[in-house]
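Engineer: If you want the building blocks of each chain, they are given just below.
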Amino acid sequence: MTGAQAVKGLALPLLAVAAAELAARHYGIHSDSLAAPSAVALALYEALRDGSLLGWSGETIASALLGLAFGGLAGLVLGLALGLSPRLARLLEVPIELLRPIPSVALLPVALLIFGFGFRMEIAIIAFASFWPVAIIGQAAIAGVEPRLMEVSRMIGLGPLSRIAKIVLPAALPRLFVAFRLAAGISLIVAVTVEIAINPLGLGYALMQAQQTLRPELMFAVLLWVGIIGFALNWLLLAAQRRLFGRAAPAGATR
Amino acid sequence: LSRLKRLSWFGASLLLCLVIGLAWKYVTDQGLVSRVFLPSPDRTFTALFAGLSTGDLGAQMLATVERMLLGWALASLVGVALGAAIGVSRFARELLGPSLEFLRPLPASALIPVAIAFFGLSQIMVLGVIAFGTLWPMLLATVQGFAAVEPRLLEVGRMLRFNRLEVIAKFALPNALPDILAGMRLGLTVALILSVVGEMLAGQQGLGLRILLAARAFRSPDLFAGVILLGIIGFASNLLLALAEKRLLRWRQA
Numbered sequence: 025m026t027g028a029q030a031v032k033g034l035a036l037p038l039l040a041v042a043a044a045e046l047a048a049r050h051y052g053i054h055s056d057s058l059a060a061p062s063a064v065a066l067a068l069y070e071a072l073r074d075g076s077l078l079g080w081s082g083e084t085i086a087s088a089l090l091g092l093a094f095g096g097l098a099g100l101v102l103g104l105a106l107g108l109s110p111r112l113a114r115l116l117e118v119p120i121e122l123l124r125p126i127p128s129v130a131l132l133p134v135a136l137l138i139f140g141f142g143f144r145m146e147i148a149i150i151a152f153a154s155f156w157p158v159a160i161i162g163q164a165a166i167a168g169v170e171p172r173l174m175e176v177s178r179m180i181g182l183g184p185l186s187r188i189a190k191i192v193l194p195a196a197l198p199r200l201f202v203a204f205r206l207a208a209g210i211s212l213i214v215a216v217t218v219e220i221a222i223n224p225l226g227l228g229y230a231l232m233q234a235q236q237t238l239r240p241e242l243m244f245a246v247l248l249w250v251g252i253i254g255f256a257l258n259w260l261l262l263a264a265q266r267r268l269f270g271r272a273a274p275a276g277a278t279r
Numbered sequence: 415l416s417r418l419k420r421l422s423w424f425g426a427s428l429l430l431c432l433v434i435g436l437a438w439k440y441v442t443d444q445g446l447v448s449r450v451f452l453p454s455p456d457r458t459f460t461a462l463f464a465g466l467s468t469g470d471l472g473a474q475m476l477a478t479v480e481r482m483l484l485g486w487a488l489a490s491l492v493g494v495a496l497g498a499a500i501g502v503s504r505f506a507r508e509l510l511g512p513s514l515e516f517l518r519p520l521p522a523s524a525l526i527p528v529a530i531a532f533f534g535l536s537q538i539m540v541l542g543v544i545a546f547g548t549l550w551p552m553l554l555a556t557v558q559g560f561a562a563v564e565p566r567l568l569e570v571g572r573m574l575r576f577n578r579l580e581v582i583a584k585f586a587l588p589n590a591l592p593d594i595l596a597g598m599r600l601g602l603t604v605a606l607i608l609s610v611v612g613e614m615l616a617g618q619q620g621l622g623l624r625i626l627l628a629a630r631a632f633r634s635p636d637l638f639a640g641v642i643l644l645g646i647i648g649f650a651s652n653l654l655l656a657l658a659e660k661r662l663l664r665w666r667q668a
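From first to last, the protein sequence lines stand for chains C and P.
Counting along the first sequence from 1, when you hit position 13 you're at 37 in our numbering, and nothing is skipped either side.
Counting along the second sequence from 1, when you hit position 200 you're at 614 in our numbering, and nothing is skipped either side.
These are calculated hints, taken from the structure and not from any lab test.
This structure is a prediction, so every number in the text was calculated from the model and none was measured.
Incorrect hints may appear among the rest.
To be verified - Some chain P residues judged to face chain C by a derived CB distance under 8 Å, without partners named:
{"hint": "1", "residue": "Leu432"}
{"hint": "2", "residue": "Leu436"}
{"hint": "3", "residue": "Tyr440"}
{"hint": "4", "residue": "Val441"}
{"hint": "5", "residue": "Gln444"}
{"hint": "6", "residue": "Leu446"}
{"hint": "7", "residue": "Leu606"}
{"hint": "8", "residue": "Val611"}
{"hint": "9", "residue": "Leu626"}
Said to hold, decoys possible - Within a straight-line C-alpha distance of at most 20 Å, the following computed EDC-like cross-link-like pairs (lysine to aspartate or glutamate) qualify:
{"hint": "10", "chain 1": "P", "residue 1": "Lys584", "chain 2": "P", "residue 2": "Glu569"}
{"hint": "11", "chain 1": "P", "residue 1": "Lys660", "chain 2": "C", "residue 2": "Glu170"}
{"hint": "12", "chain 1": "P", "residue 1": "Lys660", "chain 2": "P", "residue 2": "Glu569"}
{"hint": "13", "chain 1": "C", "residue 1": "Lys32", "chain 2": "P", "residue 2": "Asp456"}
{"hint": "14", "chain 1": "P", "residue 1": "Lys419", "chain 2": "P", "residue 2": "Asp443"}
{"hint": "15", "chain 1": "P", "residue 1": "Lys419", "chain 2": "C", "residue 2": "Glu117"}
{"hint": "16", "chain 1": "C", "residue 1": "Lys190", "chain 2": "C", "residue 2": "Glu170"}
{"hint": "17", "chain 1": "C", "residue 1": "Lys32", "chain 2": "P", "residue 2": "Glu659"}
{"hint": "18", "chain 1": "C", "residue 1": "Lys190", "chain 2": "C", "residue 2": "Glu175"}
{"hint": "19", "chain 1": "P", "residue 1": "Lys584", "chain 2": "P", "residue 2": "Glu659"}
{"hint": "20", "chain 1": "P", "residue 1": "Lys439", "chain 2": "P", "residue 2": "Asp456"}
The C-beta atom is built at its ideal place from N, Cα and C for all residues, glycine as well.
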């Protein structure tokens with residue numbers, strides 16, 4: 025992004041913030057739902073300084089990462105199996121198509137029943153949600169591995185395991201990374217959603233608490249923070265993708 | 415793959431579902447998993463059919479579907495209109511693009527507390543959250559589709575002295591359509607998720623509230639019946655939109 029573009033992009037948000045601040049000063053709001061931008065900034069600073077914001081972030085991010093690890097790994101295994109064996113893929117088609125459309129939040133009460141409140145329930149739901157994109161994209165990625173590479177691996181007599189480790193996974197890696205990136209975004213979204221809906225943990229719960237204790241400045245501060253984390257995660261993974269794979273990244277997956 | 419072969423694979427796959435169902439029944443009958451967590455399939459389906467034929471399950475399913483579709487339709491209209499307005503002008507794109515990019519990864523559910531602060535635990539709040547959260551895929555797809563019109567087509571438009579509306583209708587919209595439809599499909603999934611969460615939080619009638627209450631009362635057959643219905647809603651809506659997409663985009667294959 026050039027300087028001129030950055031100025032243009034920042035103009036509107038800055039203008040809106042300035043207008044909100046002016047309006048808040050002028051009319052002197054005492055509201056349960058609105059807060060002046062300066063008050064939001066102050067609340068953000070306070071929450072960062074006393075460590076509470078970092079604590080909530082840690083809870084949310086830890087759940088998201090653990091869920092992503094479980095779900096992603098399981099998804100990778102299924103994607104690998106389906107991609108390597110078209111027969112298995114056809115056999116499992118109906119069960120998969122029946123399970124996949126279940127919205128992850130529909131499992132909230134089920135997980136609540138099994139695990140009660142806490143990390144385990146949240147991680148289970150995140151794992152379910154991040155399982156599918158990895159499995160589905162992974163299957164396509166692995167089924168799309170250049171057939172000649174597979175022939176070569178057969179020619180040089182690689183066993184099935186070393187074939188997967190040396191040929192299949194490296195060849196499919198760029199697309200697998202895209203799947204991982206999508207799943208990472210989903211895991212953060214699902215973590216916050218579960219926390220807002222019922223789980224008393226992390227950033228989502230902090231948001232709900234701030235609203236219920238009528239502290240709009242803290243509510244907007246946490247919201248802004250959630251936005252920053254989401255944006256940073258997205259940016260980081262995109263940068264990693266460009267760095268690691270460059271032009272090998274699949275077209276249309278740069279966003 | 416021949417038609418017969420494909421059909422027999424499909425049959426085998428259905429058979430596998432039956433085997434899974436039998437395994438489910440065996441596990442619950444033997445008490446390998448506590449019935450509090452996992453009801454037997456027959457009790458689940460009894461609860462499902464009893465709820466649909468006599469109880470209020472059907473009404474609650476309709477309430478959820480209605481909420482999902484209303485929020486989604488609202489978001490589609492606003493998203494495409496707003497996206498067209500932004501996408502058609504380079505100036506607007508540069509002005510708003512970065513802000514949109516910042517808002518895009520924000521979890522839609524994070525806006526629920528804000529919406530509650532403004533609207534309370536009401537129907538309007540839930541609908542607003544669904545519409546706002548569902549807006550993004552459509553909006554961004556439209557902006558992108560409008561921005562990526564082949565420049566030579568625009569030159570042709572200038573040659574033919576098309577005005578702005580004609581350029582939009584003849585070039586930009588068809589160019590954006592595949593992206594918009596993909597965005598609408600994604601949006602419907604998001605709308606279903608937000609409907610369920612919204613019902614749970616705001617205590618609005620619907621499947622979301624129903625499964626939460628069933629879980630709190632340890633009525634696992636009712637809970638699983640609700641989950642199955644939600645899965646059916648997700649499956650059916652996805653299927654319908656995929657069919658619509660195929661139909662609407664038929665001209666591209668030609």
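Engineer: Against the earlier hints, flag every one the structure doesn't satisfy and list their numbers going up.
Structural biologist: Numbers 1, 2, 3, 4, 5, 6, 11, 12, 13, 14, 17, in rising order.
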